[in-house]
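Please build the complete structure, drawing on both the sequences and the hints.
Residue numbers (our numbering), protein chains in the order written: chain D, 28 to 602; chain S, 3 to 327; chain A, 230 to 493.
Worth double-checking, as some hints may not be accurate.
[What the hints assert, rightly or not] Heads up, incomplete: computed chain S residues facing chain A, CB under 8 Å, no partners named:
1. Leu11
2. Glu73
3. Ala76
4. Leu102
5. Phe104
6. Glu105
7. Met120
8. Pro137
9. Gly148
10. Gly195
11. Arg198
12. Tyr251
13. Ala263
14. Lys265
Hints were generated in silico from the structure; no laboratory data involved. If you're wondering where the values come from, they're calculated on a predicted model, not measured in any experiment. Beta carbons are placed, not taken as given, at the ideal position from N, Cα and C, and that holds for glycine.
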Amino acid sequence: MSTAPVEFPPPVDSAKEFIAAPTDPEDERIEVGVVIVGGGPAGLACAIRLTQLLAEDEAMLEALGEVPIALVEKGKTTGSHLLSGAMMNPSAMKKLFPDLPEEDWPTYGAVDTDAVYLLPNRKRAIPLKPTPPPFRNHGNHVTSVAQLGRWLGEKVEEGGVYLLGETAAATLLVEDGRVVGVRSGDKGRGRDGEELSNFEPGADLIAKATVLCEGTQGHLTGAAIRHFEIGSEDPQQWELGVKEVWEVEKPLDRVIHTMGWPLRFAAKYREFGGSFIYPMGEDRISMGLVVGLDYRDARFSAHDALQQLKSHPLVADLIEGGKRVGWGAKTLPSGGFWARPKRLWAPGMAICGDGAGMVNVPTLKGVHYAMHAGMFAAESIYERLKASGNCDDLSSYEAKVEESEIQKDQYRSRNMRQPFAKGFFVGGAVANLMEISGGRIPGGRWATHDDATVDVFVGPERDYPKPDGKTTFDKLSSVFASGNATRDDAPNHIRIQEKVPLEVALMWQNMCPAQVYEVPEEELEAARRDGNLDGKHEVALQVTPSNCVQCGAITAKGGRLTPPEGGDGPNYQAT
Amino acid sequence: MSAILVYALHYEGEFNKNSLGAVSEGGKLAKELGGECAAVVVGEGDDLTDDLCASLGNYGASKVFRAKAPEGLAQPVVDVMAKVIQENDFKYALFGGGLLGFEIGAGLTARLNAGVTMEVTAVKAQDGKLVAERPILQDSAIVDVGYVGEPGIVIGRLNAFDVAEDGDGAAEVIDVDVQLEEHSTKAVMVQRGEQRGADVNIEDAEILVAGGRGLGNAEGFELAEALAEALGGAVAATRAVVDAGWYPYAAQIGQTGKTVAPKLYLAAGISGAIQHKVGMQNSENIVAINKDPNAPIFEFSDLGVVGDLNKILPKLTDAVKAKKG
Amino acid sequence: MKICVLVKEVPDAAVEKRMDPATGRLDRSGEKNLNPFDTHAIEAAMQVREGGAVEVDEIVAVTMGPESAFRALHKAVSLGADRSVHLSDEALAGSDVCATGYALARVLESESPDLVLLGQQSDDGECYTIGAVVADHLKMPSLTQVIKIDVEGGNLRCERQAEYGYDTVEVEMPAVISVGDAINEPRYPSLKAIMGAKKKQLDTKSAGEVGIEPDRVGEEGSRTSVLAVNPPAQKEPGEIIEDEDTNETVEKIVGWLEERKLLA
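Right, here's the structure in full:
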């Protein structure tokens, strides 16, 4: 017997809870010109583009008041919560900084050689030649988005933007059908939500335009999409990526992608994904495992599968004598074209980047789309403010997106992810067909599905390696390595049902890379004694929210992540 | 040659253990430098008798400079030591661990334009000079620090110097008259050494018995408390059990709790995840009791016991009580 | 009354701390933050002002540090300081405790504060003493590890935990007080305060402007030098006992404790 997490929805109604009118007295509201929520590639590119436009237009700059642009970031700084592969397509950086030579970018430069392997088992690696098209990365830059975020953040501040780190955007302010800004999160609440001695309430930030660049599992984005009813018919899907950065002895000279082991091929498991290994200069590499969250086996753990991957000779050889210097996890939206919101704007608001599902799944690219979208939003907002003094109609933003490579690329690969629901080999064959045919064959519209509707069962115990602290690591020490030092008595920011069947609880326990969810030993023992682990035996889940690195996986699988106090969570340095 | 002047803190007629350690260390180092070690004591009461002061000779001081000035405050001692160092041309000033040592040593740094090293864990004599070793960056490295010019000021970490009665007999007691600076009279002790038993500060405890989830439930802490009492220590807790409400937050050790470095840290039912480890890894002696032989704590404990703490703790408590009589 | 709060920019706790092998000094590249202990000092200043026992005209944040240290000052201002002073000069790089204390004393003198507050330790230097060094130069009474401050009739009544328990000390101002983290729970800055920080007055001073003699600061003027940086001593692997006969096990544990004089 198996169960789908969707049967146990989290206790939250995002549209009701996170959308409200401003509540601060009028003279206490903070007025800004444009507020950007999220200091990732989308938000930062938006801020920079706007600054560029305003630099040429004194009158408009004046009109936007004392604080023309404010950017709100929930991490300690821009970059603290950013994690990606990444092989960044250079088109967006070129557009944003046309006069900056590529060698001056905060990236590790382009890498000429690509290698793709199919790992049929724990020992062998079959090179796939020639490199399948989605994996060709010629001209793309190896980038740490955590570093890119910091670099762009500095540029943003130099341009006079008010960069507000450690600030969560908790509520979307809507009045008379228009988005009028955001309200920042409270600080200094205790575990039960009570006000502590140093309680500081959030504040209403009123803006002519609000750009939501919250990334995967956007908190306000989800609420806005529901409230304005601009969601697509096809639900969004997500992949979970767990990544490590290693100092290595031998420099790596190529970009590597793998498929197959340790993910299982059989259709009943639905384990879609693969790994990446990128050189970061001469002495570091970044590696990660990405897996679709519609897998079925409750025992699957992406973090542990990554640890397992390191025992394959292909990878073990690369990290021999090396040292792990970073770890993190994050989800990315993989529903592609069909799962994007059917409208990317509302009066006074635009949605950019991962929050709007702007990721090309086969090629795993999204950083440059996010930046392009941020720039389009900036341009559209500027044009509208000039023409009418308000941003009630941002349809021009959507038009720009539709005319861009974002649209073109996503449309081309619009059906490439869905076939993998039928297992690796069938999926692979179909995807290849699509690639070769430029998306035309087999055509049609392959529906996406909500990850939480996939039912889970408890498979046999996995043979994950016992962490040795040198090559393989447990979750807690990994959370520590992410720089997470969230205070213990903070309110629980995760909305989840705490009494669920064992298979769902186990699924969450194994899914979460940060060990936030645990099935108490006694409950596991009791279920074992009862004879079966499936069968809807109810357990009380133990939740440790301070471990959370805000990857967002829980939102895809039946719970809901809301932003904790600003400044909490990981402080990624090089992911 | 007057080599090293050591500050000896006293209270109610007894010298502080860390000061005795410093005098012992000073005596040893002075010999290596071919010079003399002296001590300086400052107080206003009758308890600084000739005999008491001379007894520092047993630890290695050949002379003891005694001055009358307010106790328990640093700045009067800075005035005293500055005078003694300058008049007798001491090359180094040495302090054992403890708050006053830090404050006095720092004041002397300014007064005498001297180099200072604090949290010193070891001192060595090299080519007629002293080199101080101290950990840095949360104990992730050890640096050797040398001094430019004279004098050099060495401030030890708590319990860094061992007490050794290797002196040559009673020391000569010399009374010194010191005119205090005006600012040294502007801090006045109103009450000294108040004990606040109710809230024991675990950061100061020399012995800690820490409990984790392995204790099973809140009642499990009774075992920890009994053992702590027998050992003369305090009770600490991991984040997990504080979260579960088994013990108060004031006792929490770890990344988001307190950091401690007691002489003995006995961990019962604690797995040893790094979030906990960073709060206690500098404990001098770490004993761990856990039924899981794979618990990470066994990788950094000095003595690891794989077993059922429900069986071990009560018996251990009895055995300790019996030993201590 | 004017309060100066000494603050310092230190590497963020998440950044791996390391010595730069080339210079023998702490590698200060990477993320930086306002020293957590200093936030307690700023809070203490705010509580003195808000307590009402004395009128506080100004709270000034003062720092000595490289260019990037202005961020620590912005943070201090967002937490309540009225303005800030940034002592920044190439000549100061590589200063040890003695040199740093001297330099800070000079810049503080130019402000003539009635009270100097600072955190008792910094995350990176781990020296615990700058307050006492500065106080001697300024000829002011000083206390460290203070966990309670009350202003009473122009004087301070302080509590601190010393070797023998809690001391209560009365201190005449002007004074230098170093505070421990137990003294208070720092407030969070409001968004308005964070956004307003940029606009508050920030004066940059060079060493010469505050009368710092160049031969007393920097690497040349320091009175200590780092001779070597070594990895920490490897800990001996510990002993493991498997409990079979609990009486025997307990005997072994007691013997072990006794050997190390832990049952005294």
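Hints, one by one, checked against the model:
Interface restraint check for Leu11(S): the shortest CB-CB distance to chain A comes to about 7 Å, inside 8 Å, so the restraint holds. Annotation: Glu73(S) was flagged as interfacial toward chain A, and the flag is violated, the nearest CB pair being 10 Å apart, outside 8 Å. A hinted interface residue such as Ala76(S) counts as satisfied when its beta carbon comes closer than 8 Å to some beta carbon of chain A; here the least separation is about 7 Å, so the hint holds. Of the supplied interface hints, the one on Leu102(S) holds, with its beta-carbon coming within about 7 Å of a beta-carbon of chain A, less than 8 Å.
About 5 Å separates the beta-carbon of Phe104(S) from the nearest beta-carbon of chain A, less than 8 Å, and the hint is met. Here the hint on Glu105(S) is kept, as its CB sits about 5 Å from the closest CB of chain A, short of 8 Å. Evaluation of the Met120(S) hint against chain A yields a held restraint, the C-beta minimum of about 6 Å falling below 8 Å. Against a cut-off of 8 Å between C-beta atoms, the interface hint on Pro137(S) holds, since the closest Cβ of chain A lies about 7 Å away.
Contact between Gly148(S) and chain A, as hinted, is supported at the beta carbon level, the nearest pair being about 5 Å apart and thus within 8 Å. Hint status for Gly195(S) relative to chain A: holds, with the closest Cβ pair at about 4 Å, below 8 Å. The beta carbon of Arg198(S) is positioned within 8 Å of a beta carbon in chain A (closest approach about 6 Å), and the interface hint is therefore held. For Tyr251(S), the shortest C-beta to C-beta distance to chain A is roughly 13 Å, which exceeds 8 Å, and the interface hint is violated.
Against a cut-off of 8 Å between C-beta atoms, the interface hint on Ala263(S) is violated, since the closest Cβ of chain A lies about 13 Å away. With 8 Å as the threshold, the beta carbon of Lys265(S) comes within range of chain A, its nearest partner Cβ sitting at about 6 Å, so the hint holds.
Checked against the numbered hints above, the structure violates hints 2, 12, 13; every other hint is satisfied.
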